[in-house]
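Chains as they are written, first to last, in our numbering: chain A, 1 to 99; chain B, 100 to 517; chain C, 518 to 1178; chain D, 1179 to 1382.
Rather than coming from a laboratory, the hints here were simulated on the basis of the structure.
30 Å max Cα-Cα, derived DSSO-like pairs, lysine-lysine: (1) B:Lys281 to B:Lys444; (2) D:Lys1272 to A:Lys19; (3) B:Lys193 to C:Lys949; (4) B:Lys193 to B:Lys204; (5) C:Lys877 to B:Lys189.
All values reported here derive from a predicted model rather than from experimental measurement.
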Amino acid sequence: MSETAEHHDHGMSDAGYIKIALILAAITALEVSTYYVDFGPLFMPSLMIMMVIKFVMVVSYFMHLKFDNKMFSFLFYTGLALALFVYITALATFKFFIA
Amino acid sequence: MSHIDPVLTKEKAIDTVTPVKSSRRRIVTALAGVSATVFLTGCATNAPQDTFVPKGPNAKIIDDLNMIVFPIAGVVGVIVLALATYIFMKFRDKGQAIPAQSHGKPYVEITLTIVPALILTVVGVFTFRGIFDLAETKDTELIINVTGQQWWWEYDYPVQADQGISQPIISSGQLVIPVGTKVLLRETSRDVIHSYWIPALNGKKDAVPGRIHLLRLEADEPGIYAGQCTEFCGLSHANMRMEAVALSKEDFAKWVAGQQKAYTAPAAGTLAAEGETTFINQCSRCHQVNGIKDANGKPIISAPDENVYSGAAPNLSHLMSRNTFAGAMFDLVNEECRADVWNAKSEEFGAKYLAGVSEDCLNEKDLRAWLRNAPAMKPMYADPSNLEKSNGLYRGMPNLGLTEDDIDKLVAYLLTLK
Amino acid sequence: MAIIERPGSDTTPAVVTASQSLGAVKRPVETKGWKEWLFTVDHKKIGIMYGVVAMFFFIVGGVEALLIRLQLAAPNGTILSADQYNQMFTMHGTTMVFLFAMPMAAAFANYFLPLQIGARDVAFPRLNALSLWLLIVGGLVLNASWFLGGAADGGWFMYAPNSGPVFSPSNGVDYWILGLQIAGVASLIGSINLIVTVLNMRAPGMSLMKMPVFTWMILVVQFLLVFSLPVITVALVLLMFQRSYGATFFDVSQGADPLLWQHLFWIFGHPEVYVLILPAFGIISEVLPTFSRKPLFGYPFVVFSGASIGLVGFGVWAHHMFAAGLGPVSVAVFSVATMAIAIPTGVKIFNWLLTMWGGKVWYTTAMKFAIGLVMLFTVGGLSGVTHSVAPSDTQQTDTYYIVAHFHYVLFGGMVFGLFSGFYYWWPKVFGKMLNEKLGSWNFWLMVIGMNLTFGPMHILGLQGQPRRMYVWTEARAGEGMFNLAFWNLVASIGSFILAVGVLVFLINVVYTARKGKASPLDPWDARTLEWLTTSPPKAHNFDRIPVVHHLDEFFHRKYEEDTATHTMKKIAEGEDLVRAEEEAAEKDIHLPGPSYWPLVLAIGVGILGMGVVYGVPIMVLGGAIVLFASYGWVLEPSVAEDIDFDPPSTDGSTKEIAPLG
Amino acid sequence: MAETATHTADHASDHGHHSSTGLSNNKLAMWLFLGSECLLFGGLISTYMLYRGRVSDGPHPSQIYDIPFTSVSSFVLLMSSLTMVLAVTAAQRKDDRRTNLWLTVTAVLGATFVGGQVYEFTTFIREGLGFTTSLFGSSFYSLTGFHGVHVSVGVIMLLSTVGIIKKNKITGNKAEVVELVGLYWHFVDIVWIIIFTLVYLIPA
Ligand code: HEA
Ligand code: HEA
Ligand code: CUA
Ligand SMILES: [Cu+2]
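Take these sequences, add in the hints, and give me the full structure.
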């Protein structure tokens, strides 16, 4: 595959990246705010959701996974999924999520 | 780079290969050999740790599962091996033409996937039931705390009025339980991981430091059931054995009473009394004998934690009520007496066991050797120069450099610890 | 060997001199003698070196096994002390798994994978060399412990807290950690390399479903490695921090939970056993069709069952912990998950049998070993199924019944597969056939020896003999003629028959090297692309990159179906095909040049590791070498100057000598 | 660091090495490596999660974490991902000057983060949480230390890349080299995104 062809699908402008970064910054600010403001029962779920959103945004946009070949997504997300599966299962056998 | 040698053709290569016929005969012989081997399975009689001889309901649950899965495995094995043999006899190269290049038949494939899946589903269902049956603990009648350490087991019977246990009993090596009683072991360890296993009564369960694991035992009949530590626990793992002794309920009550008997110091002037002094000087820093008092009449509390890494040494209060010592590695009784107890009929067994070790029956040779130089009898610390890693604390019993005199006295004294 | 070959121009390869203008250090250009091997980046040479190293460690591990069996032949054995025995089985297990089985699979993978997919080399030739050297460094570090105060003595799964500094006070465990860590990095690099190779370097037309099964299985194995090695890396790091820097990860007095180690080890360890067996499955999936003269039955099923074994393999690790106190729910789940693995494995067994069905089966030694695998592995697999029933396993775990299980799958399965591969591919690699008569002896001695050694272990275990005991006692051996004492003796005798079997193989190798017949180009009437070149293959593998139209491309170039009778008709000999390729050779073939850096980097890593035991200065030295080598690596010229060629080149097109890695 | 060297599949394909997927070898290798790293950090994070409450006599997480401080350094690392991606686009535009500028900025931000971590560690040690104080301490330092080492290696890679671009030692596809370094860098960032939430924000 030639260089130019590869670049086309990366299709984001610098401005786009800056926008993403601003959103990330905003979410981070929100995350930090949980430290000061009481979110009640929403505390854990909201933190987890925000974490996942940030993660996915960096991977999809900054790391181009959204625009790149599916093969890359497969390689990376397989590792991620396996990691989640084995470690959550292992922690579950320690009764980690119950205690 | 090599070029092709036109002289060497394929036919040449083929006749370097062994003729087919002789290998067929050999295959048959080998198969016969293998099946003969398989047939002879289980030929040892009375192997003390045989896993196919359940002597209690928990082991029975496992045995029932074995009776499902082993035949299935056996039948599948025989089918596959027979099929393989048939195929490679039948489809030998007899000069036939190259076969059609067929790539497979999906319906065969799918059948061969589904059949094993179904078989395993059945096995799985029974397995599920077995697992949860074995995990049942609600109907427990007797609780015993079992603690593993390098390289022996300690048993601690907490106070349980309904079992006649009014003060804690601490013992080692041989676990004593009443028959027909649902016993719950609460296992843990003081150093590394060990595993408690009495095959006739149940499968094994690891004793992990920092955790308490539960294991149920129940024996149908009085007798001695052998077992062995089955998690590698260092140097003397091979020598970390144990026995479960099942007594009738009445005999068990007697045993409990015996273990709770108060200490009587040996009569003054006897060899045993001298032995008591030696014991106090040499041994009681590690070994507890309940009720023993020093010259001032103060009770002596041993402090094994200052001497042994695991922080424990066997409680010797009723040493002579046991049958084996040092992690059940050695017999405490000599051969004749041992046979008398171990081979006793189930009705007589209790009385014989409760009689304990008399002077005539004592296996003096091993006990003396033990006192003379324990690490020579049982590997305890591979390299004493490495003791600094454990802050000078021993793993196991050290060589105390006793004289033969001391040993005479000590043996006499130990014999009083009934 | 030539760095740059231009077969179009002449048979004499172009000679390259060191590049002068670029990089920190000149590239090595040796084409002869030991330097050719030390600095090579040729996947075939690297493959052979992997094989030699693995064979060496097989003998080391085998001698350790023999000592174990000598000690256990009779009750209260005195050949080894308790301490020595514990080191012996620990190192036996570790050596066999990490220094024999994995490297031997890597040998096959390195050599044949590029050939099977019609490539000139792997994707990252220098990284490939680095993997080899790191493995050797790891093996040396691991075994150096024998001479530096005693080897590791905690068993190959090194359960905490027994592996802690108090309970295992010699440095053996430290070397064990370092050796495995280094060998692990080697495998990780190797697996990334091979995955990229398979994904990217296939010959035109070779879709994934036209790939040889061996390549497929190696691909699955590399995925298993990529995703399981980091887990043991974590475990080893934690243990190292505890032993060397005072952390308390497994120190129960600080509140640690020893089961953490078990989880981390087995999350790696179970996929690892499939890492060991799948290459062997791949090998016999080439051998069985070749010698049955039929394609593999149900190719897609074999491929997908391999992949699903790999995937499910990540979800069953706790079956090694059925007695560890996980609680009934976890145990039940893992028990059933484990049973599920029997299904795809069964698919493989049945497909192999059906491959032979209706075939024209030719019993070469390679084929015998392959059939041996099918039968012996089945026995081991079925005892595995009896373990998967968790309550039954609590009677079996840590007894010789387990030892029987895993030697049947490892020896009867994996080792037989590898030996099948030796006999099958020897002519390809060395241009000479291993002697078939000796091969037959080799096979039968191994079959008999293996069954005598490991067969009785089923009985020993089920009758209650625990594993890892430096002595056993007659008191627990039972009565009767066939008591445990008898079977222990049989097992020990068997192990020596086995050793003779292995010895016959070594004799065969020497004999073949001295007196062996040159092999015809296609001695087995084979089916896959690695045979579409000379034996041994040229440095650049293929004169012309083949274009693939079929699964079993090579076979289909030789045979054509007679449409009338539906029988296969030979239309060409392998020799003709190769000659045709030679005539149509491509003009500008470039190959990566040799490099110093993989070796230097590996040595640096070794020194860095020793720093953990011998202190910070050593570590700094090692680190400096690593850094230096990394820069050297990166700056190594990837382009040769025109004047580097002899005769100097004028056109710019063939200048490149080093793809990256 | 091998990945920073240069070679492209497209170049190779001129000579008959064709690439079956059309993707770059180096990029495939990098993504595989990152997939593998997920399991590495997963293991360390799980260890931390299991042990975070086991403090022995040492301080408890809530006693020593300085959330405002860590928030700032997390923000710095997050923004370095932006500058990194700007370096990548610059490299793709073949704008060496800007590439180097953004790479340098990224390295500086990364170094700031590492500096912050060093500062944090020294404060914690002063407050009584040593590496061997408790399981919490051991697993905290192991996790964040591993991450810190990854960032440091990243900084070295960034600066080295600037160096070889300046000296014009990259003969292959410059943009790809920058992109590979970028992938690694972003990965280090996303690991921190997880650590920041799981370790710092969720109380033990
Ligand atoms: C090559 C390596 C290899 C392979 C392939 C396997 C394959 C399997 N293993 Fe084994 N195993 C080991 C190597 C291997 N194992 C090692 C080294 C250990 C011990 C580690 C240690 O403790 O030191 C071990 C230990 C081990 C244990 C733990 C035992 C214990 O310590 O208590 C268990 C428990 O479930 C187990 C199960 C299985 C199963 C179910 C399979 C299955 O994959 C087998 C599947 C195959 C078949 C079943 C045969 C063919 C199938 C058919 C013909 C279809 C029809 C079948 C049925 C309907 C049943 N293995
Ligand atoms: C690939 C893996 C592999 C292989 C091939 C083998 C091969 C052999 N293994 Fe095993 N083994 C393991 C993996 C393997 N093993 C593992 C993982 C363990 C568990 C360790 C642990 O518990 O931690 C184990 C444990 C183990 C035990 C249990 C020890 C114990 O629990 O106390 C035993 C006991 O008999 C044993 C025996 C053997 C024998 C006789 C061979 C034979 O097949 C060896 C045959 C090879 C040779 C014999 C070499 C040939 C030598 C020559 C040709 C030179 C001849 C020279 C002289 C005679 C001097 N092994
Ligand atoms: Cu205790 Cu083994
Ligand atoms: Cu397993």
